[in-house]
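Asker: Now for the letters of each chain:
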Amino acid sequence: MPEVSPAQVGTGPIAAPQMPDDGIVVVVKRDCPTCLLVTPALEQLAGGTEPLDVVVQDDLEPFTHLAGARMDTDLDLSWILDIDTVPTIMRRSGGVEVDRAAGWSRTQWERLTGTADLAPGLPEQRPGCGSLTQDPAVRSGLRVRHEGWRLAARRIQISALDDEMESLFERGFTDGLPVVPPTPVRVLRMLEGTTRAPAEVVAVVPPDLVECTVEKVAINAVMAGCKPEYLPVVLAALEAACTDDFNIHGLLATTWFAGPLIVVNGPIARAIGMNSGVNALGQGNRANATIGRALQLVVRNVGGGRPGGVDRATLGNPGKYTFCFAEDEVGSPWTSLATERGMAEGASAVTLFAAEGVRGMADQTSRTPESLARSFAACLASVTHPRTVIAFDAMLVVCPEHGRVFAEAGWDKARLHAELAELLLLDTDPLLAGVGGLDMGLDPKWAGHKLPKFRDGGLLITYAGGKAGMFSAIIGSWASGPIGSQPVTVEVRS
Amino acid sequence: MPDAGLTVLDPTGERSVAMRERLPRLDTLSGRRVALLDITKARGDVFLDQLEQHLVRRGALVTRYAKPTFTKPAPVDLRQEIAMQCEVVIEALAD
Numbered sequence: 001m002p003e004v005s006p007a008q009v010g011t012g013p014i015a016a017p018q019m020p021d022d023g024i025v026v027v028v029k030r031d032c033p034t035c036l037l038v039t040p041a042l043e044q045l046a047g048g049t050e051p052l053d054v055v056v057q058d059d060l061e062p063f064t065h066l067a068g069a070r071m072d073t074d075l076d077l078s079w080i081l082d083i084d085t086v087p088t089i090m091r092r093s094g095g096v097e098v099d100r101a102a103g104w105s106r107t108q109w110e111r112l113t114g115t116a117d118l119a120p121g122l123p124e125q126r127p128g129c130g131s132l133t134q135d136p137a138v139r140s141g142l143r144v145r146h147e148g149w150r151l152a153a154r155r156i157q158i159s160a161l162d163d164e165m166e167s168l169f170e171r172g173f174t175d176g177l178p179v180v181p182p183t184p185v186r187v188l189r190m191l192e193g194t195t196r197a198p199a200e201v202v203a204v205v206p207p208d209l210v211e212c213t214v215e216k217v218a219i220n221a222v223m224a225g226c227k228p229e230y231l232p233v234v235l236a237a238l239e240a241a242c243t244d245d246f247n248i249h250g251l252l253a254t255t256w257f258a259g260p261l262i263v264v265n266g267p268i269a270r271a272i273g274m275n276s277g278v279n280a281l282g283q284g285n286r287a288n289a290t291i292g293r294a295l296q297l298v299v300r301n302v303g304g305g306r307p308g309g310v311d312r313a314t315l316g317n318p319g320k321y322t323f324c325f326a327e328d329e330v331g332s333p334w335t336s337l338a339t340e341r342g343m344a345e346g347a348s349a350v351t352l353f354a355a356e357g358v359r360g361m362a363d364q365t366s367r368t369p370e371s372l373a374r375s376f377a378a379c380l381a382s383v384t385h386p387r388t389v390i391a392f393d394a395m396l397v398v399c400p401e402h403g404r405v406f407a408e409a410g411w412d413k414a415r416l417h418a419e420l421a422e423l424l425l426l427d428t429d430p431l432l433a434g435v436g437g438l439d440m441g442l443d444p445k446w447a448g449h450k451l452p453k454f455r456d457g458g459l460l461i462t463y464a465g466g467k468a469g470m471f472s473a474i475i476g477s478w479a480s481g482p483i484g485s486q487p488v489t490v491e492v493r494s
Numbered sequence: 001m002p003d004a005g006l007t008v009l010d011p012t013g014e015r016s017v018a019m020r021e022r023l024p025r026l027d028t029l030s031g032r033r034v035a036l037l038d039i040t041k042a043r044g045d046v047f048l049d050q051l052e053q054h055l056v057r058r059g060a061l062v063t064r065y066a067k068p069t070f071t072k073p074a075p076v077d078l079r080q081e082i083a084m085q086c087e088v089v090i091e092a093l094a095d
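Taken in sequence, the protein lines are chains A and B. Quick note: the first sequence uses the numbering used here, first residue 1, plus one each step. Quick note: the second sequence uses the numbering used here, first residue 1, plus one each step.
The hints are simulated quantities; they were obtained by calculation from the structure and are not laboratory data. Here the structure is a predicted model, which is why all the values come from computation and not from measurement.
Some chain A residues well away from chain B (every beta-carbon gap over 10 Å; in silico):
#1 M19
#2 T39
#3 R91
#4 R111
#5 R196
#6 Q364
#7 E422
#8 L426
#9 G434
#10 K467
Not the full set, but computed from the structure, chain A residues with beta-carbon under 10 Å of chain B:
#11 G172
#12 E215
#13 V222
#14 G250
#15 W478
Built from N, CA and C at the ideal position, the CB exists for glycine as well.
So that you can see chain B by itself, here it is in the shape it has in the complex (with noise of 0.2 Å):
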């Protein structure tokens, strides 16, 4: 007997994901180039502050930057500011 089944329609976005690979590993942050990146939540550069300092300390160039709200992602002509200028990024996601 065939199996009449349902046919339904995908809901979704059928996204077809694709995969990159991640850039390898620095061996060290001195003389590299990294990006503090707050997304403007409250007290976000008080730890952003603090995060500099240690990197300072260890030779690493730092960059600050902000998103202009926490509430939406970051403009693309941020993103492209910050992988054209910097090597690493950290970003103080929350408060």
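Isolated chain A, as found in the complex (with noise of 0.2 Å):
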């Protein structure tokens, strides 16, 4: 097996070596034995008055004998010409390739070669073997060589004799767990997620206000454990992040709980295998979790923003390292949240709310809607603090077994809204300071108001959920509206 020599960086494309501007050109391996059973015709070409050009993958011994045999050398010939099978043969005029067949076939080649009775002794046809380039072990090392110039971040070199997970531990890359270390090989796979070019500018990431392109999320998503076809969703949701109505610089931050949620509507959920069933806020599925890490690495590695620094959390909260989920739109009796948010049918989208930590909301008695909607609405009440309103925003995400009760009675999503709205709108005489020896609490020159919990729009309903338990989720937000944070909805794009 060849070696291919290391990645070329920075240097553009690699030239393709000379090949005959006019003439015929034939890719082969020993190790086929098709190529080698082709001898034959190869000798009658080479025999020919048209230029030969037999360009031999991994052995030249077989076909040393004929004029036009010669070395693939690190293969980059067979790369260029992006050969799946060997025999290759191809025509080239002017410059140029015109036709090319696959494998051996006496009627492909004779019309070709344009030569009559080509190599008689041989079937009429068989199928050619892999190309080397197609070896999984060359490929890797191959596709670095040719595209790695593509790549514009710093190479890091670890040495043999360090622990690369170690190494970037102690370069401060990691969110405290171990990352999957981001070779150009991985970070070139990463971005076959996407159709962005590299070097496309994805945000400004605060809070240095670095502007990230696709290939520094496709870093930090591969070190994040990333597949490929999850890239979409990473680079909408920094997108989404990076608003200025998101605003993840204060959201850092600031001092409370809070840390970016992404919350997954459409066809995308389903194709990369999110969770949106049981234990949906919990570990164990790849999407949820490396999705979410991955945004939160982006704004460490490449915004700068973390613990100790910009990032002033008192406690901070677990779904700081990740927190990414996908509503259940198949088993919901409502309308998504991302189509509640302006996004057509359909369509994939993340929505980023400013999220602290999960609490649970259990009520296995009720049966009626209007009773179920006091529970939330009891519960929702006590989000940041019994006494504070209009402050912080929430989202509901209602189980299954809750969403039944609803659904069976014939409340769609607005009218738990409503309902939940009327439910919060709370007397303000037991939220004033002072009263009941509790010294926190509103001014007491808002005695004898109703005003509400939350702001209008401030909480987001989803759903989500193993199918036994009636047990909903409650997640607080950090300071809400144009203040703070507001959720914002982004569709995925390929």
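Assemble the dimeric complex from its two separately framed chains, guided by the hints.
Answerer: Given below as structure tokens:
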């Protein structure tokens, strides 16, 4: 197996080795019975008047007697010609390829070479073998050799004497858990998950306000453990996070608990196997786990936002490692969060939400929507503090067994929103500062009023979870509206 | 033996930080224009009111500014306004 030379950095594409402007080129390898079988045909063509190049991938020995035979050093020519199969025969004219056939087929070879009675002793046709460039062990190195120049990031050489995982910890690149080393070949593979160019700027990432390219996102996505097909979701999440409305800068800097939560809607959630069912907000699903983590790694590494630096959280919350789930649109009786927020039906989208931890909401008794809504309202009223109003947003994650109660009674999501808004229009008197010996509370000037717990649009309702359990979730937020963070929904593009 | 090792790509923003010299410290605040920047956290104004009184007693000329919200960096216009109009800025960071 040929050794592939290491990546050429920052030099641009490798130039194709010389080929005849006009004539026949055949790519073969010794380790292919069909290539050996067609030797008589190659001998016949070599004796003809047209120039013949026989490009050998592995071992020149069986072909040395052919005048035009040569080794494909580093497999550069095979890679550049995008050879899938050997033998592959090509006709070149005026410096460009004008015809090609893979494997051995007398009809095709005769047509392509304009030769009659080509190798009459051979069978009519034989399939070829895989090109060496398709060998997984070789392909990675080749990809880096030929495409590595597209990657602009600084190369960091980790000595063979060092443990690469430890080395990445020591450089401060991780969130406290091990990361996948972002080698050029892994990053190139990651970039196949998007049609966007590696150099395209996705967002300006706070707090250092760094222009973040698709490539930098891909590097951090590799580290987080993403598959390439998750990359579009990570890119959309970063776009949403870095808007002025979402304000990831303030969210990072605050002493409050919150961090970014990504809710994924649309076909991509199912396509990449996201979990919206049992344990949807928990561990165990690769897409859920790594998409949220990739966003946080971008903020850490590209934006420079680190705990103890600009991240000033008093306590933080475990969701700041990663917090991402898909809405169960198939099971939901309601319109999806993304549709509710203006996305077209069938579009894939992410909604970013400034989220503190998950708090449980148990009601195993209520069988009417009126009663269950009262349970929700009672628990929602305690978000942030029972005496805060119009301060922080919240997200309600309705579980299937609770959703069923509303669905069977014909309550759509708008109805639930309306009922909750009514129930959460709070009498201010019990909430005043000093009442009941509790100093925190509303300014006494608000006595005798009714004030809403949440600002208009400040309560988000989603649907997810396992089919058993009358346990929904409440996720508190952070300073809401234009002064803090507003949920932002962005379409996922390929 | 060559050290084969492992090549990885830098995941950071690869910033090169520009170093800037601090301006020399003022000898006196008397007659100098001092900006008091309120980030609009609760009771920041109370703190700055006190500070303003002390500064005025020392002969400083005080101008008050406020960020639209404490959760976001000061807008560029505000930063430029302060830089053009004042020689000193004091920011009330938190409640």
